[in-house]
Amino acid sequence: MQSVSAVTVYSPLERKIYRLETDLRTVSNENAALKLSSREQRNRHDSVVSEHTELGERIKEFMPHHEKTKESLKALKAEYDQLQRECHELQRAQQKADDEAGKARAQLTLYKSSVSAASKVGTQVTDDEAGWKMDQIFYAIQDFAVTASRIAEFDYGKLSKDLHGWMAYHAPYAERSPKSHVPYIITALIAKSLVARFALEDYFGVSSNPEVNAASRLTAAFKVVDNARTKAWLEPTYTLLAGMDKEAVQKSDQALVDATVTEISHVLGPALHGKWHPAAETSLRKVSTAAFELFRTLHRSKAHFHVVFAEARSSTKTYGFSPEWMQDVANAKEDSALGRPIHVSVFPSVAKFGDEMGNNQEEMTVICKARVILQKEPRESCSIK
Numbered sequence: 001m002q003s004v005s006a007v008t009v010y011s012p013l014e015r016k017i018y019r020l021e022t023d024l025r026t027v028s029n030e031n032a033a034l035k036l037s038s039r040e041q042r043n044r045h046d047s048v049v050s051e052h053t054e055l056g057e058r059i060k061e062f063m064p065h066h067e068k069t070k071e072s073l074k075a076l077k078a079e080y081d082q083l084q085r086e087c088h089e090l091q092r093a094q095q096k097a098d099d100e101a102g103k104a105r106a107q108l109t110l111y112k113s114s115v116s117a118a119s120k121v122g123t124q125v126t127d128d129e130a131g132w133k134m135d136q137i138f139y140a141i142q143d144f145a146v147t148a149s150r151i152a153e154f155d156y157g158k159l160s161k162d163l164h165g166w167m168a169y170h171a172p173y174a175e176r177s178p179k180s181h182v183p184y185i186i187t188a189l190i191a192k193s194l195v196a197r198f199a200l201e202d203y204f205g206v207s208s209n210p211e212v213n214a215a216s217r218l219t220a221a222f223k224v225v226d227n228a229r230t231k232a233w234l235e236p237t238y239t240l241l242a243g244m245d246k247e248a249v250q251k252s253d254q255a256l257v258d259a260t261v262t263e264i265s266h267v268l269g270p271a272l273h274g275k276w277h278p279a280a281e282t283s284l285r286k287v288s289t290a291a292f293e294l295f296r297t298l299h300r301s302k303a304h305f306h307v308v309f310a311e312a313r314s315s316t317k318t319y320g321f322s323p324e325w326m327q328d329v330a331n332a333k334e335d336s337a338l339g340r341p342i343h344v345s346v347f348p349s350v351a352k353f354g355d356e357m358g359n360n361q362e363e364m365t366v367i368c369k370a371r372v373i374l375q376k377e378p379r380e381s382c383s384i385k
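Note that this note's numbering gives residue 147 to position 147 of the sequence shown, counting from 1, and the numbers run on in steps of one.
Errors might be hidden in some of the hints.
[As the list claims (entries may be wrong)] PhoX-like, lysine-lysine: derived pairs with alpha carbons at most 20 Å apart:
#: 1; residue 1: 60; residue 2: 70
#: 2; residue 1: 179; residue 2: 275
#: 3; residue 1: 161; residue 2: 192
#: 4; residue 1: 179; residue 2: 376
#: 5; residue 1: 192; residue 2: 286
#: 6; residue 1: 376; residue 2: 133
#: 7; residue 1: 133; residue 2: 192
#: 8; residue 1: 286; residue 2: 133
#: 9; residue 1: 317; residue 2: 376
#: 10; residue 1: 158; residue 2: 179
#: 11; residue 1: 286; residue 2: 158
#: 12; residue 1: 251; residue 2: 286
#: 13; residue 1: 192; residue 2: 158
#: 14; residue 1: 133; residue 2: 223
[To be verified] Okay, the calculated beta carbon distance ranges per label pair:
#: 15; residue 1: 17; residue 2: 54; range: 54 to 60 Å
#: 16; residue 1: 221; residue 2: 243; range: 57 to 63 Å
#: 17; residue 1: 282; residue 2: 325; range: 31 to 37 Å
#: 18; residue 1: 282; residue 2: 157; range: 27 to 33 Å
#: 19; residue 1: 30; residue 2: 60; range: 42 to 48 Å
#: 20; residue 1: 289; residue 2: 243; range: 57 to 63 Å
#: 21; residue 1: 157; residue 2: 195; range: 22 to 28 Å
#: 22; residue 1: 15; residue 2: 40; range: 36 to 42 Å
#: 23; residue 1: 317; residue 2: 243; range: 49 to 55 Å
#: 24; residue 1: 18; residue 2: 56; range: 56 to 62 Å
#: 25; residue 1: 17; residue 2: 55; range: 55 to 61 Å
#: 26; residue 1: 39; residue 2: 17; range: 41 to 47 Å
Hint data in this document are derived by calculation from the structure and do not stem from the laboratory.
Yeah, the Cβ is synthetic: ideal placement off N, Cα and C, and Gly gets one too.
Using the sequences and the accompanying hints, generate a full structural model.
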C-alpha cells in the first residue's frame, strides 16, 4: 500500500500575511541601503567642502605671490623692451660702421690701383688681370676639348712616347680614367704645348729675320747669367725691332702661333683619328694668341712669374691636393680633399715672386691656381708639395 505525502494548504489570509512580511523585509533592506548611501553622500559632501576650504586658503596664500609675479613680469618686459631698443641702436651703429669700412676699403683699393698703375713698367698686368686672363684661356681650351671629345673616341695608344713620359708624372692613370675625364686630359695636353712656350727666348716669336733671331738667341744665353736684367731689356728690344721692321716682328709672332697649333694638331690629331671639327684651328689660334700675349706681358713685369703644372707623382712619390695653390675642377667640396692623391693635372698654376717694383722676390703670390682632378679612391699614400 503506497504512502501519500502530506500537502500543506494555506488559507488566503495566511498567504496575504506571508506576502506582507516579504514586502516588509524588502522595504527594510532598501531603507538600510538608502541610509548607507546617504551616509556616503554626506561623507563625500564633507570631503568636497573640506577640499574647497583648503583650496580657498591656498588661493589666499598665493594671491600675494601672484601680485609679485605680475610685478616681476612687468619689470622683465620693461627690461626686454630696453634691451631691444639698445640692440636696434647697436645694429644701426654696426651698419653705419660697415658702410664706412666699405667706403674705406674702396678708397684703399683705388689707392692700391693708383700705386700699382704708377709703378707699372710698360703694359704690366695686375694680379687680378693675369688671373682672369688665365681663367679665360683655361675655359677656351676646355670648350675646345669638350667638342673634340664628342667628335671622336680618344685613343691613348696613338700618343707619342714623349707624351706618355710626360703623362706618367702628370696623368699616370689617364688610360684608366672614365670617359668624362677625356676633355680634362685633352685640356692638359693642349696646355702643355702652350706652357712650353713660356720661355724668355720665345718673347720674340719664331722668325727667319736675322735681327729677330739674334734677339732670341741672346735672350736664351743671357737669361742663364742674369734673368732680371734680361727681362728688363725685352720690351725695349722688341719695340726697337718693331720700329726697324714691323712686318718681320708680326710674322714672328704669327709663326710662333702657327708652330704651336701645328704641334697640338700632331699631338691630338692621331689620338682623335684625325677628326677635327671645322673651327678647330681657328679656336686653337685664338687661344694660343691670347696665351702668348699674356706670357709676354708677364715677362715684362719686374716681378717673376712661374707657370707650372702640378705633378701627380715623381719617380719616388705620389703628390696630394694642396688647396693653397690647387683647385679640384671635378669637385667643389675641397675642404675634405686635403692630401688626396692627384689623378690628372689639368692646367698649370701661375705664381708671382716679388712685386711690381721688383722687391720682395722671396714672397710668393698664387694668382692662378692649378686645376687638378683627384683620385676617388686613393691608390697609395702621398705627400703634399
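Consistency of the hints with the structure:
no.	hint	result
1	60 - 70	holds, 16 Å
2	179 - 275	holds, 18 Å
3	161 - 192	holds, 15 Å
4	179 - 376	holds, 15 Å
5	192 - 286	holds, 16 Å
6	376 - 133	violated, 30 Å
7	133 - 192	holds, 17 Å
8	286 - 133	holds, 13 Å
9	317 - 376	holds, 18 Å
10	158 - 179	holds, 17 Å
11	286 - 158	violated, 26 Å
12	251 - 286	holds, 16 Å
13	192 - 158	holds, 17 Å
14	133 - 223	violated, 26 Å
15	17 - 54: 54 to 60 Å	holds, 56 Å
16	221 - 243: 57 to 63 Å	violated, 24 Å
17	282 - 325: 31 to 37 Å	holds, 33 Å
18	282 - 157: 27 to 33 Å	holds, 28 Å
19	30 - 60: 42 to 48 Å	holds, 45 Å
20	289 - 243: 57 to 63 Å	violated, 22 Å
21	157 - 195: 22 to 28 Å	holds, 25 Å
22	15 - 40: 36 to 42 Å	holds, 38 Å
23	317 - 243: 49 to 55 Å	holds, 50 Å
24	18 - 56: 56 to 62 Å	holds, 57 Å
25	17 - 55: 55 to 61 Å	holds, 57 Å
26	39 - 17: 41 to 47 Å	violated, 33 Å
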